[in-house]
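Quick note: the sequence shown, position 91, residue 90 per numbering that gives the first Met the number 0, numbers continuous.
Just so you know, these hints were derived from the structure itself, not from any lab.
Since the model is a prediction, treat every value here as computed from it, not as a measurement.
Keep in mind that the hints are not guaranteed to be accurate.
Said to hold, decoys possible - DSS-like, lysine-lysine: derived pairs with alpha carbons at most 25 Å apart:
{"hint": "1", "residue 1": "K491", "residue 2": "K471"}
{"hint": "2", "residue 1": "K68", "residue 2": "K428"}
{"hint": "3", "residue 1": "K505", "residue 2": "K491"}
{"hint": "4", "residue 1": "K496", "residue 2": "K471"}
{"hint": "5", "residue 1": "K157", "residue 2": "K428"}
{"hint": "6", "residue 1": "K496", "residue 2": "K211"}
{"hint": "7", "residue 1": "K157", "residue 2": "K172"}
{"hint": "8", "residue 1": "K471", "residue 2": "K68"}
{"hint": "9", "residue 1": "K583", "residue 2": "K471"}
{"hint": "10", "residue 1": "K505", "residue 2": "K211"}
{"hint": "11", "residue 1": "K172", "residue 2": "K505"}
{"hint": "12", "residue 1": "K505", "residue 2": "K157"}
{"hint": "13", "residue 1": "K211", "residue 2": "K681"}
{"hint": "14", "residue 1": "K491", "residue 2": "K211"}
{"hint": "15", "residue 1": "K471", "residue 2": "K211"}
{"hint": "16", "residue 1": "K68", "residue 2": "K583"}
{"hint": "17", "residue 1": "K491", "residue 2": "K428"}
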Amino acid sequence: MKFRVVLTLLCVLWAACDPVDDTEIIEETVCVTDADYFSDVVYSQVLNLHCVGCHNPQGVGRTSEFVLKNSALPGYMESNQTMLVDLARLERDGESILLLKPTNEIRHGGGLVLERDSEAYRQLEEFIRRVDQPTQCRSNEINENEALEQVELSDPLKTLRRASLLLVGRMPKPDEIRRVELGQAGALRLILHEMMTEDNFDIWLREVFNDKLLTDRYLGGNNASELLDVEAFPNRYWHEDFENRQDRNRARSCTQLGIARAPLELMLEIVREDRPFGEILTADTMMVNACSARSFGLEELFPNAHDSYPRELFVETQLPNRPHVGILSTHAWLHRFPTTATNRNRHRSRIFYEHFLATDILALDARPIDQASSDIHNPTLNDPQCSVCHANVDPIAGLFKNWDLRGRYLPPELGWHGDMRQPGLGEEKTLPGDRSHDSLRWLAEQAVTDVRFELSMSRWMLEALTGRPALKPSESDERHQAAYELEDRLLKAAGLKFRESNQNLKSLLSAIILSPLYRAEAVLPSDEAPHALGSARLLTPRQLDRRIRAVTGYNWRWYYSGSSALTTTYRMLYGGIDSNGVTKRINQPNGLMAAIARRMANGQPCNVVARDFVLRAEDRRLFPLVESTFEPETIDGFVIEEAAERIRANIRYLHEHVLGERLSMNDPEIDHTYQLFYDVWKEGRQAVENGDEPETLYGVCRGTTNFETREPIPEDRRVTHDRNYTLRAWSAVLTYLLSDYRFLYD
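Work the whole structure out from these sequences, hints included.
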């Protein structure tokens, strides 16, 4: 049959990208699966236009057997198809009620909706025929591969470089590059798993987790200590007993770290030990460091002085008289997502849905509610305007009943509120009577076996890797819906790897990295390609800081400062978060952020160029192929062939080292960069000869000390002068490359 296949352009979302024009709809003769026929024809052209207005959770048809699930719910399309298949099999006098109802040939509350000679009626007839005679097509995997044929994927080496810089903040090691170049079976996947055992991977993953949980809000002052109930933990302010101010401040900071990051550290411990990631919800333990252990009354875990242990050293333990339910029972999580006497844990329920069940509850019904129009008693239970959300929210809210407003385990003496739905996982699963005392653990056990947990983790890691959230379905934009369905299939495939690995998060990350979700970088010259794959994300301040260090050897900071400018002075200005008032990162640069990036590109070469030339050629990061004395021409204007070729070779090396692009020596980009070097060098050398520019380098730009440790460099290796202006010409080249969007973006 003829069927419209909507294939859309991939737009790599660089900062200067223009919106992509709508693509043409191409008619092709293809085998259409029953699932595709339902989603692209029956749902979008029949149900969405003629039925959903009444047959929705708050419509007039909500009490019928035909209630369509909202597109905000995961798996809504499959659920709606299953329901319609069941209805199609119900017959009266040999004809499906799916045809009799909308034509009003049997009683239909909505009256006549479809005429028998309408296109929508014929589409329902075809659907019923497919129910009786399912269509056999090639596998979805084959169809997906055909849809992806126009997508250009990054090669294994480029994927290795991107993943290495993102996950562990370093350049790939020579051995890793060699293994990938040799094409060893599964080499890239194995290398990714090896990277995920490094300490720097924990740093990246901690940032990913905090971007979702936002518990770093409590790192300052006594913010975390104040979360503890003084009756249960009378030693919560133990650090205030120090007379010495510095000792007191250090102990206080260490304690806040231990309490605030307890949920993050539990998640990290589970990943490090390759345990099922579902244990973030079900683990019967909590994490403490030497300082928070004293606040909790667990001093025996760290018998020596608290400052004899690294503050980042956490151990897994249990508190007496307090059940543990993974991160959900930590003080930081319960207070970061608080409740009130009138909210009744609904906020916690909404967050649980969003974080762990891939469901945005607020998207179930985005229409404003007119409270004055309803005189229904207990509207959250009885008013369809409210119950569309509360039917999902309230049962899970009831499962948090044993945890009070102050984060204490304190089961209510009179039981849960009788004017709310019974505690459970939605309305499908109610809490067993013998689990009332540990209802939250029951929820965790149910959630981690739910397919929505896998989908939620897949979406979370996709956003962590690509910087963009997973697409949402669209009932009005056919192009967007096609993109959503393709991405959803790829995410479910990654989720399957996650399940098969016993919920190993490392397997999920590598599955996404090796898929088109991460590797798509361009499209072949064609009008046909899937939409919104790949990554083009502005690096966060910490990610950019790690990239600068990996490429140049040093963080970008002021010489007399001990901290990176991007993680201190400019962290918030460059789009960072504080997990408190600012919880969303800026992913599109503004003028201030552009100015910061320009300042970095101008300032960092001063810090690194001369210091790189101090080293032996084989130890240099930036200039292994040239010396500071290499000039392209003599003073009389004659080309020095060998020096010019070495300069071009080092420029080619810098393009690969800084931007990750492998260019031939004759590439126009090499010519442009060489011309920049030449022009700056020639003009600068003339200025030095005329006395308009000094021969010596500016103080902090000299290679006289190690930039970080400030240890002096041996006098015979120091670089303090630039009489021929080559160092400043190389600085211009480095500024040019560091300001390139390919360096600032991933």
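For a quick check of understanding: which of the numbered hints are violated here, in increasing order? The structure conflicts with hints 5, 13, 16, although it agrees with all the remaining ones.
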